[in-house]
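Protein chains: 2
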Amino acid sequence: MADARYDVVGIGNAIVDIIGHCDEAFLVEIGARKGSMSLVDAEEISRLYSKMGAAVEISGGSVANSIAGVASFGGNAAFIGTVANDEFGRIFTHDIRSIGVTFSAPPVLGAAPTSRSLILVTPDGERTMHTFLGISTSLGEKQLDLELIRNSAILYLEGYLFDEADAKRSFHLAVQTATRAGRKVALSLSDGFCVDRHRAEFLDLIRSGIDILFANESEIKSLYQTESFELAAESARNDIKLAVLTRSSKGSIILDEGRTVSISAEPISSVVDTTGAGDLYAAGFLFGYSQGMSLEVSGRLASLAASEIISHIGARPAVPLQQFARDQGIIF
Amino acid sequence: MADARYDVVGIGNAIVDIIGHCDEAFLVEIGARKGSMSLVDAEEISRLYSKMGAAVEISGGSVANSIAGVASFGGNAAFIGTVANDEFGRIFTHDIRSIGVTFSAPPVLGAAPTSRSLILVTPDGERTMHTFLGISTSLGEKQLDLELIRNSAILYLEGYLFDEADAKRSFHLAVQTATRAGRKVALSLSDGFCVDRHRAEFLDLIRSGIDILFANESEIKSLYQTESFELAAESARNDIKLAVLTRSSKGSIILDEGRTVSISAEPISSVVDTTGAGDLYAAGFLFGYSQGMSLEVSGRLASLAASEIISHIGARPAVPLQQFARDQGIIF
Chain X
1 MADARYDVVG IGNAIVDIIG HCDEAFLVEI GARKGSMSLV DAEEISRLYS KMGAAVEISG
61 GSVANSIAGV ASFGGNAAFI GTVANDEFGR IFTHDIRSIG VTFSAPPVLG AAPTSRSLIL
121 VTPDGERTMH TFLGISTSLG EKQLDLELIR NSAILYLEGY LFDEADAKRS FHLAVQTATR
181 AGRKVALSLS DGFCVDRHRA EFLDLIRSGI DILFANESEI KSLYQTESFE LAAESARNDI
241 KLAVLTRSSK GSIILDEGRT VSISAEPISS VVDTTGAGDL YAAGFLFGYS QGMSLEVSGR
301 LASLAASEII SHIGARPAVP LQQFARDQGI IF
Chain R
1 MADARYDVVG IGNAIVDIIG HCDEAFLVEI GARKGSMSLV DAEEISRLYS KMGAAVEISG
61 GSVANSIAGV ASFGGNAAFI GTVANDEFGR IFTHDIRSIG VTFSAPPVLG AAPTSRSLIL
121 VTPDGERTMH TFLGISTSLG EKQLDLELIR NSAILYLEGY LFDEADAKRS FHLAVQTATR
181 AGRKVALSLS DGFCVDRHRA EFLDLIRSGI DILFANESEI KSLYQTESFE LAAESARNDI
241 KLAVLTRSSK GSIILDEGRT VSISAEPISS VVDTTGAGDL YAAGFLFGYS QGMSLEVSGR
301 LASLAASEII SHIGARPAVP LQQFARDQGI IF
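Order-wise, the sequence lines are chains X and R.
Under the working numbering, the letters of the first sequence match residues 1 to 332, in that order.
Under the working numbering, the letters of the second sequence match residues 1 to 332, in that order.
Simulated from the structure, these hints should not be mistaken for laboratory data.
One should not assume that every hint holds.
These stretches of chain R come out as covered by chain X in the derived footprint (C-beta under 8 angstroms, 3 or more residues) [unchecked claim]:
id	segment
1	43–56
2	77–89
3	160–170
Ranges between beta-carbon positions, derived for each pair [stated by the list, open to error]:
id	chain 1	residue 1	chain 2	residue 2	range
4	X	GLY53	R	ARG326	39 to 49 angstroms
5	R	GLU234	X	LYS34	34 to 44 angstroms
6	R	SER264	X	PRO106	51 to 61 angstroms
7	R	GLU141	X	SER46	31 to 41 angstroms
On a predicted model such as this, the values are computed, not experimentally measured, just so you know.
Where is the CB? At the ideal position from N, CA and C, for every residue including glycine.
Let's have the full structure, built from the sequences with the hints guiding it.
Okay, structure coming up:
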């Protein structure tokens, strides 16, 4: 896709993660569904923060993590999202730019603080999230750089954008802009409960405007309202050209119309924090795919990036993924 | 020391660390002395931040780290320091309280932002720091809770307080208050360049108002202006009742007047980030000592805490140290 200036442009919530450890009993105490992402207001996030233990602050956001991953692989990547003129906004902006991502939106003044997500990591490495969207709810159409979208081979969007009316309108305008420019559009379903909130619209999109779908097991089962992963996968195969379905330690499958490519999960000695596993899987796949690599190699890069991210705290790569993939002999 | 409400009260700069990785060439490029702590102004910290890579934000501060460690061992600990009414102030306050430390100073309004330290970690795990003191320079005498100091078995201070006139006055008032109440006073020399800035005053203090001195090899050599650790140690033995001298992987020695207790470093498979090693060593020692444990056991707790902190990013314990020490059979 040599005519595009960027390999991938992502649109998503610009979030700083506040990551701490807790035990299972704490999740019960605060009434949280393990593994889920719940939207909370300013008061509730303050209440939860005051109850949780010591934490680490680190840039996050689902599509933002993926875009950082694409850049870490050496891809040309850009991000569109909104931050406020506050410390968390400066942290987010610094971190995504310092990994080489083009992120040029000026901070939005006054409206609300930069988005943040409290992430509670249980001893099994699973993460449970409470997100305060803050300024991300202001991701309006005027924040979209349409020229940037037209200049990117792949547009990548997160399902979480559907949780806000303005962001949803921006989502549709971005898809329309990319499609008209002959670009590919990729979507992450974000999480099972997000699918639950927006099932009909997601199905519409998948059957019309989207080229590549990323979903994990619970998301794809939620989308097709079935307990059977196999049934859900067959439905996805019928609905979309390219479906990339992840199953944690069981690896992933890539459904390319009639063809199925199976990718095993990378072996890993210990899972520290699963935050960002799906995001970095998408990063590896999108990077490989944007470079014209095979589905098999793209899938291996995806698994490799996911294995790196779950070996430490936080959802941004701790090592340059390009070098990591070279060391593994996947790319040269 | 059953009549004291707190085992240890610490006074120090309340800092949020901004920790990122860099290579040796980057330190050369920015003209930094590896392993040192340099004080910088607001403009310089912005300039360095914009040049450094993606980072993690996590509560720090030398004595604050030690006090968090004492609490993590199960000790009654309190901290005195100043934060501003901003995000970094809220992060610092949340983290130190959530580990069980009493920290009751209200944020200081308006004067300057909460202190922060850019910490660059090289591949060998060594850290090089640039600190913007911000609001910490407002640690005046009125911030001191004298009743709290009188009610603490040990007062623990950092040499870094000498870098600001107000903080230095507070330091002296705190020492006087603790001494008059019959409490022990402990001092960390902080770093070799800090010793260089304040050698004469530190020597005065050590020969008069201080009961326990913590120093690493470069600090104690700088204090006595000698290249010989052995000579420096003998000078310390003559000047102070209890000197606790650390030597990284070579372990540490505790000089109790005529007696010398040698403590080996805990074996560790890989050093990720040495930030906080000395702070957590002090935490283990101060906890053991405040509980009336022997110098040998206090030293083992010290080494154990240091080994925990260098195995991960950040200078606050990632696991409860009380449980960790129990698992190792050092305490019951």
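Tested hints:
For the segment 43–56 of chain R, the proposed coverage by chain X is satisfied: 7 residues have a C-beta within less than 8 angstroms of a C-beta in that chain, meeting the threshold of three. Given a C-beta distance limit of less than 8 angstroms, the hint that chain X covers the segment 77–89 of chain R holds, as 3 residues qualify and 3 suffice. With a threshold of 8 angstroms between beta carbons, the proposed coverage of the segment 160–170 of chain R by chain X is violated, since 0 of its residues qualify and at least three are required. Distance hint for X/GLY53 and R/ARG326: a CB-CB separation of about 19 angstroms, inconsistent with the stated range 39 to 49 angstroms.
About 58 angstroms separates the C-beta atoms of R/GLU234 and X/LYS34, a value inconsistent with the hinted range of 34 to 44 angstroms. The supplied range of 51 to 61 angstroms is met by R/SER264 and X/PRO106, whose beta-carbon atoms lie about 55 angstroms from each other. A beta carbon spacing of about 32 angstroms between R/GLU141 and X/SER46 agrees with the range 31 to 41 angstroms that was offered as a hint.
In summary, the numbered hints that this structure violates are 3, 4, 5.
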